[in-house]
Amino acid sequence: MAQFRIAEQTTWIRRLKQKTQHGDSVFRLLTLAFAGVVIGLVVMIGLVIWNGSAEARQYVGFDFLFVDAWNPVQGREEFGALAAVYGTLMTSLIALVLAGPIGVFVGVFLAELCPLQLRTPLSFLVELLAAIPSVIYGLWGALVLGPFLLDTINKPLAERFGSSLQFLADPKPKNLLVAGIILGIMILPTIASITRDVLTVVPNHQREAMLALGATRWETIWKSVLPYSKAGIIGGVMLGLGRALGETLAATMVIGNRMAISSPVKPAQTAASLIANQLPNANSDLHGSALILVALVLFGITLLLNAIARLLVWRVSRGPAGAIH
Amino acid sequence: MAMTEASVSAQPEAAKTGSQLEIKNLNAYYGPKLAVRDVTMTIHPNEITALIGPSGCGKSTLLRCLNRMHEAILGARAEGTVLLDGEDIYAQDIDATLVRRRVGMVFQLPTPLRTRSVYENIAIGLRLGGIKNKRTLDEIVERSLRQAALWDEVKDKLQQSGLALSGGQQQRLCIARAIAIEPDVLLMDEPCSALDPVATFRIEELMIELKKQFTIVIVTHNMQQAARVSDRTGVFMVERHDEKSVGELVEYAPTGQIFTTPQDHRTEEYITGRVG
Amino acid sequence: MKTLNMARYRRRKLVDRIMRSMTVVATLLALIPLFLILGYIVIQGASAISWHFLSTDYKVPELSLDGSASDVGGIRYAIIGTLLIAGTATLIALPIGLLAGIYLSEYGKGRFASFVRFATDVLSGSPSIIAGVVVYIVLVKTTKEKYAFYGSVALALLMIPIIVRTTEEILKLVPQTVREAAVALGVPQWKAILTVVLPAATGGILTGIMLAFARAAGETAPLIVTVFVSNSVEYNVFGSMGSLPMYIYRTLDELTSPEQYKVLWGAAFVLTALVLVVNILVRVATRRRV
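Residue numbers (this note's numbering), protein chains in the order written: chain R, 12 to 336; chain P, 681 to 956; chain C, 19 to 308.
One or more hints might be untrue.
[To be verified] Computed footprint of chain R on chain P, listed as stretches where at least three residues anywhere in the stretch have a Cβ under 8 Å from a Cβ of chain R:
#, stretch
1, 714-722
2, 888-894
3, 909-923
[Stated by the list, open to error] Some chain R residues close to chain C (C-beta under 10 Å, calculated; not the full set):
#, residue
4, Gln128
5, Gly149
6, Leu302
No lab work stands behind these hints: they were computed from the structure.
Beta carbons are placed, not taken as given, at the ideal position from N, Cα and C, and that holds for glycine.
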């Protein structure tokens, strides 16, 4: 009797175990499937853009990056996007030159020098900068910053030097420079917060070792902390660059949208703003396909930047091999 | 004598001796919390002074007060007087970076700068002091490594990362780094606690060698180590004051006396293993 | 032999002081645009806010005889449109993001998981216009329609990585002992996750969803290529629809009268307030909890 009971109990437990294991594997598979969806989405984005740009790739090939001729009129199509490439690189360069050093310094201040009570509120304010929608940046750039720069800097400069220095002449309120500055403001929080994060994982003994040698605070940061986290900071800057390259709306609203390789004070075009401007009313399938080809290049570049940047940031937060923690 | 960088380099090398540290009524805080209460003791030149006691008794905190590393922790501060050869390192116009060049420090974990080579780990402190000449740097690096009994082991690895060395070698590298800038006092915060017995033995030998030139203060949780190497021993205990536990110096005497005829019952209980 | 001297020490001190002040200056410099932008929006926009502004829809401006434009209407349709488009996007992104996040935190250890994490990074790092382009190719071109729903699909692509990331991070904060305690009581793992782990992290996951919602509500680029704009209140997501960002984007190009200028800043005020209030609430909520 007793034995029978034990047998009954064990089968009951076994059955329960089987049942729950079954449930476990079902649930696991379910979450796994949805995790797979995320990978699938990325693959799909790549494939869709690749296929969508097939027509244009046959028509112009990848030369289109190096030719300055853009004519979507049917029958006379030319798709050389060099102007957009130029605009994208220039605005991103301006953004990086502005936001790179400032962002790293902000990160250093937040992680190393800021009084403890101020750290959280200041970090929060910097991150708020990232929360403001890009359309608001565009609006502010177009209505406030652009006219302001035009009146206070660009026009006086043009009047004084415009005749001798061609690139300063005849400034417009919507131009490359304003776009670069707006992008700089937008990517600053990315660079600042990643710098702050990689600095906070630097082990404290790396600071104390320098301090104990009689180094000043800055020498400690410059000679020990920053070299330690160099890769991660570069990663953060690259993520910022990726954001600048791909930012669409703010750039579209302040850059003036002219397909031309122009001086920094004149209207220009970025790859993303070209797509936003022309794809909604593309003249033909070929025109649409050419714009999708621009998107493909943009996606490829940001993918690459992201891959390298994540690798760098990830390596730093793990620390160099063989280290004593 | 004003404490300037000039006075740091005053003594010619051959006559290099350690300095005396007089600690008077020193209190150390972490934020509002008092961690070490009212310590008064004199560290004698060219001796090894050991600070022992149970964990949390404030011995490491006191050590860090001796070169003002304590205040590098956010919110930490110290009050009182520490006279380095008669000069108060806590005086208003004294800068902590200058103090730290005269009072060097070796930490519990070996802390080679991870992004630097063996050579650079030592040269970096010299460069801070303005030594740029490659020959001079080479000389001092070699001399420091020899003093730290590490030269023969690393002379072929000078350009490798400090992390390529074993734990004991890393710690001796840190000692070489600390003595390269020729401080007057060397503070060691449980320098052997992360090392195996063989490496520990080598460091102890090294300390006895180094005390000819430096005054050494070592914090250790290992009473045998204190007995083996030190000339004097200070015993710290956790005491209750105003409902809070605070570290205090309960006895300070020549090491032999501490371990044979302690005057304080708390010391006796501690070294016979009844507390801590 | 040692060449230490006072001059060098003073120079080092000076460099130290200068560089430390530079970091302070940089931080102030970084915050200037924030205050300038918010300041402009509040000063220019707050005066536009009225019940009339929030409760009426777009009106074609009529020029009166004295040259000043009449009432240009309000932005009710755009507010409703924004909430509907972003809300629909949340519904699409939520199951994918949540379950993928659960996978990463509860099972995600191997190579597959790191692929998933990388894919998440790629999604969050790729330009928002890309999401628009993909939806344009797959849905707009094939159906020859630009529904609000298509915009939601594009926005969902941008929301998924945010939800995955926060879900994973928040779930990892739930102590391992909680899981073990549940499993030790004989509860199967999947039930433990659903009934113990998830509820313990509800607040955090909710904040992640709200952040993603705020991001979607402010995002415009994908909508440009996927949604036809309507100037009246629409509730059918399979149709055209207006939204705040699109309203701002389009009106900027057609600025004619001071009234429109005022309304434009008013719309910017409403949109920024919506996005920032969510962000601040989330911050306050998570700080209290952790």
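Now the hints, each set against the structure:
1. 714-722: With 0 residues closer than 8 Å to chain R, the stretch 714-722 of chain P misses the three-residue bar; violated.
2. 888-894: violated (count 0)
3. 909-923: With 0 residues close enough to chain R, the hint is violated.
4. Gln128: violated, 14 Å
5. Gly149: holds, 7 Å
6. Leu302: Interface hint status for Leu302(R): holds (8 Å vs cutoff 10 Å).
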